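S.K.: One letter stands for each residue in the lines below.
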Amino acid sequence: MPTLRIRIKFSFARITGILILMVGITALISSTVTNSTTSAMIGLGLMFWGIILLYVQTEEYVKARALDTIILSAPPALEQTLKGLGYKGKASYLPPRYFNESEIVKVFVPKRRAATLLTPEQAQKLVQKPRRQTAPGILLTPPGSELTKLFETILGRSFAGTDLAQLQEKMPEILVEELEIVSGFEMTAEASVLADSKKYSATKAQADTIAVHIKVKRNSRPIHVKVITSTYRNINEEPARLRTSSLNIGSILTSAIACAITKASGKPTTIEKEEISIDGRTLEAKFRIHKKELNQ
Amino acid sequence: MSLPLTLWDVSSVLAVTAVILLVASELVSSHYGRTSLPINKKRLRNAALVISILFLIVVTERIINIIISP
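Quick note, the sequences are listed as chains A and L, same order.
So the first sequence is numbered by our numbering: it starts at 485 and just counts up by one.
So the second sequence is numbered by our numbering: it starts at 1133 and just counts up by one.
Source of the hints: derived by calculation from the structure; they are not laboratory data.
Source: prediction; values computed, not measured.
Treat the hints with care, since some could be wrong.
[Stated by the list, open to error] Using 25 Å as the maximum straight-line C-alpha spacing, the simulated SDA-like pairs for lysine to any residue come out as follows:
| no. | chain 1 | residue 1 | chain 2 | residue 2 |
| --- | --- | --- | --- | --- |
| 1 | L | 1174 | A | 498 |
| 2 | A | 654 | A | 586 |
| 3 | A | 574 | A | 757 |
| 4 | L | 1174 | A | 496 |
| 5 | A | 547 | L | 1172 |
| 6 | A | 775 | A | 653 |
| 7 | A | 710 | L | 1160 |
| 8 | A | 654 | A | 640 |
| 9 | A | 547 | L | 1174 |
| 10 | L | 1174 | A | 504 |
| 11 | L | 1174 | A | 538 |
| 12 | A | 654 | L | 1160 |
| 13 | A | 572 | A | 606 |
| 14 | L | 1174 | A | 606 |
| 15 | A | 574 | A | 595 |
| 16 | A | 710 | A | 662 |
| 17 | A | 574 | A | 604 |
| 18 | L | 1174 | A | 640 |
| 19 | A | 633 | A | 586 |
| 20 | L | 1174 | A | 636 |
| 21 | L | 1174 | A | 531 |
| 22 | A | 654 | L | 1170 |
| 23 | L | 1174 | A | 662 |
With the rest of the complex left out, here is chain A (with noise of 0.2 Å):
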């Protein structure tokens, strides 16, 4: 029969936190019956310290190389899967007004190399019935997803409910100070880009300025991501290894900030460029916000 083996770990932090609590009310009591104020000072102060200690521990972690293992296989057999179904196009992802749903943003990758966006309707039909023999392409859930909804539960409200400007502010703080998964984060947009968003709150004189610049913009328009980071270096290096992508879904991260700006800007969005540094600490990705369906 297997026995079940525990191992009760304690940490050197945990462990010095404990020994500091321990001298320091030994210290404390000695000094009482000493009447020695030195003792009670050293006492006091090491009491502090190891209440410290024990409160601010190292936070949950999981290795590196642990999560780059679970991870890695997903994104080469999604694409190594489309290609043999014969998908060839350029994905691009759809916002949730394409399917009625307040949440879900799906990527769309069409059968031929040269097909366009889908329209709502489009969208709509093929969720009803994805027959893969007529259908001009398929719609899948995107690999950063599940990295979207945890950026939206750490911002306490979804995307959809934002607009890009909000989304370029808060995006630094969710990767680097609540996540802390890159060191850098900087998405640079035209203003225009960000105007056109929902809510913009802008004079008048602002806005007039705004549309009229829109006005002359072509139909999409580009939004720069840059990405630096230590911890995410591996999963970044594995895509960048196996560069067979020409369907532009991309990497988990950059699927996870394109599901972001679908979300944010209510429309449909692809992944224009995805660019890995060797060493796989900068990403650089450019993203273009589709303004019309393209097929309309």
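Given chain A, work out where chain L should sit, using these hints.
M.R.: Only chain L this time, still in chain A's reference frame:
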């Protein structure tokens, strides 16, 4: 048998601890992109703030004593 400590002693210990914790909390903050330290930075910041507030309470108490005392 009583604790040979005055409020002044406690406040000086609190002051030193608060300064160390506040500086440490700022130095390791992930706001500056330092994400490789596996320490719970929120808890460190909370501890720094609590100790600082305790010190300020002691200081306030001393000031009130000085004002009230004839």
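S.K.: Next step is simple, just say for each hint if it's right about the structure.
M.R.: Hint-by-hint comparison with the structure:
Using a Cα cut-off of 25 Å, the hinted pair residue 1174 of chain L and residue 498 of chain A holds, with the two alpha carbons roughly 18 Å apart. Restraint check for residue 654 of chain A and residue 586 of chain A: satisfied, since their Cα atoms lie roughly 20 Å apart, inside the 25 Å limit. For the given pair, residue 574 of chain A sits about 11 Å from residue 757 of chain A by alpha-carbon distance, which is consistent with the 25 Å threshold. Restraint check for residue 1174 of chain L and residue 496 of chain A: satisfied, since their Cα atoms lie roughly 20 Å apart, inside the 25 Å limit.
Distance check on the hinted pair: residue 547 of chain A and residue 1172 of chain L sit about 16 Å apart at the alpha-carbon level, within 25 Å; holds. Proposed proximity of residue 775 of chain A and residue 653 of chain A is supported: the alpha carbons are some 22 Å apart, at most 25 Å. Taking the CA atoms of residue 710 of chain A and residue 1160 of chain L, the gap is near 23 Å; set against the 25 Å cutoff, the hint holds. A distance of roughly 11 Å separates the Cα atoms of residue 654 of chain A and residue 640 of chain A; the hinted pair therefore holds under the 25 Å criterion.
With a C-alpha separation of about 21 Å, the suggested pairing of residue 547 of chain A with residue 1174 of chain L holds against the 25 Å cut-off. The hinted pair formed by residue 1174 of chain L and residue 504 of chain A meets the criterion: a straight-line CA distance of about 22 Å does not exceed 25 Å. For the hint pairing residue 1174 of chain L with residue 538 of chain A, the CA-to-CA distance comes to about 14 Å; that is within 25 Å, so the pair holds. A hinted pair counts as satisfied when its Cα atoms are at most 25 Å apart, and residue 654 of chain A with residue 1160 of chain L qualifies at roughly 21 Å.
Distance restraint check for residue 572 of chain A and residue 606 of chain A: the Cα-Cα separation of roughly 19 Å lies within the 25 Å cut-off, and the hinted pair is therefore satisfied. Between residue 1174 of chain L and residue 606 of chain A, the direct Cα distance comes to roughly 47 Å. Violation of the 25 Å bound is thereby established for this hinted pair. About 9 Å separates the Cα atoms of residue 574 of chain A and residue 595 of chain A, which keeps this hinted pair within 25 Å; it holds. Under the criterion of a C-alpha separation no larger than 25 Å, the hint pairing residue 710 of chain A with residue 662 of chain A is consistent with the structure, at around 18 Å.
This hinted pair checks out: residue 574 of chain A and residue 604 of chain A have alpha carbons roughly 18 Å apart, not beyond 25 Å. Of the supplied pair hints, the one linking residue 1174 of chain L and residue 640 of chain A holds, its CA atoms being roughly 17 Å apart against a limit of 25 Å. The suggested pairing of residue 633 of chain A with residue 586 of chain A holds, with an alpha-carbon distance near 13 Å, which does not exceed 25 Å. Simply put, residue 1174 of chain L and residue 636 of chain A have alpha-carbon atoms about 19 Å apart, close enough for the 25 Å limit, and the pair holds.
Distance hint between residue 1174 of chain L and residue 531 of chain A is fulfilled; the C-alpha atoms sit about 21 Å from each other, no more than 25 Å. Distance check on the hinted pair: residue 654 of chain A and residue 1170 of chain L sit about 23 Å apart at the alpha-carbon level, within 25 Å; holds. As the CA atoms of residue 1174 of chain L and residue 662 of chain A are separated by approximately 9 Å, the hinted pair is consistent with the 25 Å bound.
The structure is inconsistent with hint 14 alone, although it conforms to all the rest.
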